[in-house]
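Protein chains: 2
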Amino acid sequence: MTSGQAAVPAPVRSDTDPGGPGTREPRTGDPGTGDAGTGRDAILRAARRAFTQRPYADVTIRGIAADAKVSPSLVVKHFGRKEELFNTVADFGPAAAELFDAPLPVLGRHMVVTLVRHRRTLQSDPLLRVVFSLGNRDERSLLRDRFQEQVTDALAARLTGRERTLRAELIAGHLIGLGATLGLHRSGAGADATPEHLADLYAPALQALIDGS
Amino acid sequence: MTSGQAAVPAPVRSDTDPGGPGTREPRTGDPGTGDAGTGRDAILRAARRAFTQRPYADVTIRGIAADAKVSPSLVVKHFGRKEELFNTVADFGPAAAELFDAPLPVLGRHMVVTLVRHRRTLQSDPLLRVVFSLGNRDERSLLRDRFQEQVTDALAARLTGRERTLRAELIAGHLIGLGATLGLHRSGAGADATPEHLADLYAPALQALIDGS
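Protein chains in written order, with the working numbering: chain S, 810 to 1022; chain B, 810 to 1022.
Among these hints, one or two may not hold up.
Unchecked claim - Here are the in silico distance ranges between beta carbons for each label pair:
| no. | chain 1 | residue 1 | chain 2 | residue 2 | range |
| --- | --- | --- | --- | --- | --- |
| 1 | B | A911 | S | A875 | 46 to 54 Å |
| 2 | S | D1001 | B | A966 | 14 to 22 Å |
| 3 | B | L913 | S | T1003 | 21 to 29 Å |
| 4 | S | K886 | B | S880 | 32 to 40 Å |
| 5 | B | G970 | S | T869 | 47 to 55 Å |
| 6 | B | G889 | S | P864 | 30 to 38 Å |
| 7 | S | T1003 | B | T969 | 19 to 27 Å |
| 8 | B | G889 | S | L913 | 22 to 30 Å |
| 9 | B | P912 | S | G872 | 49 to 57 Å |
| 10 | B | P881 | S | R926 | 31 to 39 Å |
| 11 | S | E893 | B | D867 | 28 to 36 Å |
| 12 | S | S882 | B | T869 | 57 to 65 Å |
| 13 | B | T847 | S | P864 | 43 to 51 Å |
Calculated directly from the structure, the hints in this document are not laboratory data.
For glycine and all other residues, C-beta sits at the position ideal for the given N, C-alpha and C.
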């Protein structure tokens, strides 16, 4: 789970765990470092599972600690109280900053290449975990709210022209769908394609919505 | 959960439950009929949760019955043994038949309009539940295998030209992503848009991959 740097197609466990490695910080390099037996990674994985799959009110530090097989006090020592831990887990900001870091005329291609490279390098998808919040039967989800603020609204704010919010929602859909299909077809044609070739085929859809043409 | 025929934006529970109504049969009309206190719908919901979120080998009729709050014998009475119940739950065939039921030159638009109408009429997404199988930590997932056979491979078989499998995987991604973003942005701009307008914006991406141009 912590080999981190493989530049090959996503391994079997890439999306199997909403709390998998790499989802915390897109730029940390090896997602396995920093644990060294402290339980930090296990806590993060357990916290991601809890916050994506259950209503916020139902999540407890005690439950996360039990899932991670550590003491509740260790969770608090590493991450602070529940609200702070949620903010760590739910942060799509670094992923959004990375995905949107290109001028508008070439943003579609940049997003596809960046998402695919992120998946292959960090063995995890930068956005896909938000979909697991749909398995949460609660009416509202703070994780969805955070996604909307940090991804959809941030993207809409960069667009120009008509129907910016709708276009941003659909661009977010294209990005989530790309991660989903690469996760679903692990030994499929997409797994063997280069990020650049995937962008050739997939990015025009995003660019058309970015351009608003 | 069983109002079924609303032609308005998907209600709050649309995607919140991988076992939600309407996923079983795209053409049944009111997904609430046929239950009438027999526990049939509760069993189907429990079975969808079990088969999407856990390895096949770990799923038991007894566990599904407990989740549905009925007896194991009632599960068997309605759906047969585990393999038959899985085949009912995992069947993407009717959804694929509906989504792909158009000539290639207009298939992109047909898929988008059909998916959005299906979501709004049956209050459930025809494909999205396969994504929940990514939360299953098993190496293989029979649900993913079924999706690949019935959706991706079936679509690839209809395409012509180069890289049919890769194009089919990416089209599947676009479709899953559309359902995901509509589920995530429940009161967003997409919720207010007509199926036809969503197709105007979203279908060109699918059509380009269908055409292979």
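Could you tell me whether the CB distance from B:L913 to S:T1003 stays inside 21 to 29 Å?
Holds, since B:L913 and S:T1003 (Cβ atoms, about 27 Å apart) stay within the stated range.
Cβ separation of B:P912 and S:G872, checked against the hinted range 49 to 57 Å
holds (53 Å)
Take a look at whether the Cβ-Cβ distance between S:T1003 and B:T969 falls inside 19 to 27 Å.
Taking Cβ atoms as reference, S:T1003 and B:T969 lie about 24 Å apart, which means the hint holds.
If you check the beta carbons of B:G889 and S:P864, does the distance land in 30 to 38 Å?
holds (34 Å)
Confirm or reject the claim that B:G889 and S:L913 have a C-beta distance inside 22 to 30 Å.
violated (55 Å)
CB-CB spacing for B:S880 and S:K886 relative to the 32 to 40 Å hint:
violated (47 Å)
C-beta pair S:D1001, B:A966: status relative to the range 14 to 22 Å that was hinted:
holds (20 Å)
Can the suggested window of 43 to 51 Å be confirmed for the beta-carbon pair B:T847 and S:P864?
Violated, at about 29 Å.
Is it true that the C-beta distance of B:P881 to S:R926 lies inside 31 to 39 Å, as the hint says?
Violated, since B:P881 and S:R926 (Cβ atoms, about 48 Å apart) do not stay within the stated range.
Is 47 to 55 Å right for how far apart the beta carbons of B:G970 and S:T869 are?
Check passed, 54 Å falls within 47 to 55 Å.
Starting from the range 28 to 36 Å, see whether the pair S:E893 and B:D867 falls in it by beta-carbon distance.
holds (34 Å)
Could you say whether the range 57 to 65 Å given as a hint is met by the Cβ separation of S:S882 and B:T869?
violated (36 Å)
Against the hints set out earlier in the document, violations occur for numbers 4, 8, 10, 12, 13.
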